[in-house]
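Protein chains in written order, with our numbering: chain A, 1 to 273; chain B, 1 to 342.
Derived by calculation from the structure, the hints in this document are not laboratory data.
Warning: the hint list may mix true and false statements.
[To be verified] Label pairs and their computed distance ranges (CB to CB):
hint	chain 1	residue 1	chain 2	residue 2	range
1	A	Ala205	B	Ala112	55 to 61 Å
2	A	Gln139	B	Gln101	46 to 52 Å
3	A	Glu142	B	Arg242	48 to 54 Å
4	B	Thr278	A	Asp137	53 to 59 Å
5	B	Glu231	A	Ala99	53 to 59 Å
Quick caveat: nothing in here was measured; it's all calculated off a predicted structure.
For each residue, glycine too, the CB sits at the ideal point set by N, CA and C.
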Amino acid sequence: MSPQRLIGRKTEAGTGLGPDALRALQPDHVNMDHLHGKVALITGASKGLGRAIALAFAREGAALALCARGEPALQAVASECRLLGVEVLAVPADVADPADRERLVSLTLARFARVDVLVNNASTVGPTPLPLLVDTDPQAFEDVVRVNLTAPFLLTRSVVGAMLLRGSGIVINVSSDAAVNGYPGWGGYSASKAGLDGLTRVWAAELAGSGVTVVSVDPGDMDTEMHRAALPDDDPAALAQPEHVAPAFVRLAAVGASAARLEASELLEEVPR
Amino acid sequence: MIAVETEFPLLPPALRASRPAERRGIRRDQVKLLVIDRKAEAVHHSRFDRLGDLLSPGDLLVVNTSRVMPAGVRAVRASGQAIQLRPCVRRAGSWDALSVQPGPPFENVALAQGETLRIGETVVTVVARRPDIPLLWRLRLEPVDDLELILRYGEPIRYSYVPEPLPLDSYQTVYASRPGSAEAPSAGRPFSWELLAALRSRGVGLAEVVLHTGLSSFQDDAFDAQHHLFEEWFEVSPETARAVNSAERVVAVGTTVVRALESAATWEGRIMPAQDWTQLRIGPERPPRAIDMLITGLHEPQASHFDLLRAFVPGPLLRRAYAEAVERDYLWHEFGDSALII
């Protein structure tokens with residue numbers, strides 16, 4: 001990870017972050033525990049972008065609560081993060097399941113007593129190959145909405161009260177360009193991500209001035225398992241690697257956001273392919 | 001034992017709230033508010049979302065942020081009999097728990113000293129009855145994260161006036177944080193964030209304590225009437241102690257907050273930061289030293305809760321308020337209406 005990538009061109013051009021915030025992320029300050037003392041809860045943390053964010057946060061000193069459905073992969077990521085010297089709680093859980101969500105939130109708050117950063121990253125495109133909407137199974141559509149939209153709402157609702165009481169915290173929802181474009185085959189995913197963007201805007205408006213920030217971030221196309229399953233013909237070499245996008249999330253967690261929707265590329269100097 | 005039963009008529013069963021306000025077609029902050037004005041010796045009737053009319057800039061609301069656990073835990077005896085364990089006091093490796101039937105009417109189930117139970121795959125050994133509260137069983141747990149056990153095998157504790165199981169979320173306050181309560185610290189349940197934000201903008205402060213609640217009933221009316229006292233874990237942070245000590249008026253949201261703050265209070269009523277178990281009993285003989293006002297749910301006069309209210313309100317005024325609340329169909333218990341003592 002190049003330290004320079006923490007400096008975003010567009011941000012410097014004036015997204016509203018002050019000079020102190022920018023100075024805090026200058027190259028000679030990188031890897032100086034920007035997230036030390038913070039507790040981050042990351043869903044979908046066992047692979048892809050979630051894993052990359054977990055590792056990036058760990059490098060910056062954040063204590064982590066990680067969740068994913070697959071326990072072996074989740075525990076492997078948790079072990080990697082612990083090697084970076086941070087405390088990690090790994091909770092195998094399906095964010096679409098109410099009991100699992102309560103377990104995730106309760107175990108996290110029991111361990112750390114607070115959540116400073118919530119990253120709603122867990123996501124599904126539904127069955128692949130991607131069907132047209134007219135061919136989409138209704139249950140599959142509902143399952144996608146439950147994971148991509150309902151779960152982020154309910155998880156946010158579960159932790160935002162404690163954030164409001166302290167007057168600080170950030171919720172980062174992982175969105176997609178499918179939220180604003182109509183790609184054939186991406187119906188449930190597109191609708192759920194558009195919904196997530198809408199939800200984010202309302203959260204942000206309602207919580208303005210409270211010290212709690214809610215933002216959605218389009219990470220851009222990345223070389224992930226989900227992308228390969230959805231678009232098997234894409235050339236992986238043309239896609240960004242998740243670890244090159246993760247610093248955008250570090251930046252948000254460290255200094256906050258000034259808009260309700262951002263693209264990761266706005267927060268990064270350059271995303272190598 | 002407090003002889004309040006003779007002073008108050010029994011509560012009509014229809015006034016026991018069986019479901020949350022949101023499921024009765026109103027918002028959580030739109031429940032009725034019974035205002036007991038001690039100075040004027042008067043009783044008024046308002047609504048919870050108009051609380052701001054009764055508070056002033058400089059007042060400090062102190063809330064209990066303890067999160068409710070699904071503390072009715074499925075367990076199986078060696079005989080195969082299913083029971084529900086309700087941990088009242090949790091310590092490392094041991095519980096003092098009630099043992100009841102797994103469904104209504106949740107009557108007590110006697111265990112045998114030395115017998116083993118299972119919660120999932122976890123083995124639990126019955127050590128003995130707790131000497132001072134014999135309906136509680138002292139249980140030894142295998143080394144295990146007992147919160148994980150509770151979350152996996154538990155359901156919210158409910159009483160006979162709640163006929164259907166409700167999701168755990170129904171019991172939480174909007175600011176619920178660290179889990180540890182067996183039952184809801186329900187006085188804070190009517191608060192919405194919209195109301196809290198409005199109060200803050202009017203200069204009312206907000207501070208938190210933690211008090212993990214135990215059980216409000218041992219499922220035995222005669223036994224409950226003896227008002228057995230057990231220890232509860234509480235935490236008062238330095239920030240909260242400072243805020244309380246510098247507040248114009250301190251408004252405790254719930255009797256759990258009273259217990260926590262008063263457990264951290266000096267003789268002069270100054271709050272010191274503290275983290276400890278408390279066995280403090282607040283009542284007419286030990287009135288509050290640091291609290292000026294109280295927001296509380298409405299609970300039956302037979303409950304120990306009422307003993308605490310008598311530390312705040314003289315008996316005749318409390319009786320009058322109770323009678324008016326019954327006459328005006330106030331709803332009782334954790335999903336019911338609310339009262340403010342000023």
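Verification of the supplied hints:
Between A:Ala205 and B:Ala112 the Cβ separation comes to about 60 Å, which falls inside the hinted range of 55 to 61 Å. Roughly 37 Å separates the CB atoms of A:Gln139 and B:Gln101, a value that falls outside the hinted 46 to 52 Å. Taking the beta carbon of each, A:Glu142 and B:Arg242 are about 49 Å apart, inside 48 to 54 Å as hinted. Checking the proposed 53 to 59 Å range against B:Thr278 and A:Asp137 shows it holds: the Cβ atoms sit about 55 Å from each other.
Distance hint check: the CB atoms of B:Glu231 and A:Ala99 are about 30 Å apart, inconsistent with the given range 53 to 59 Å.
In the structure shown, a violation is registered for the earlier hints numbered 2 and 5, in ascending order.
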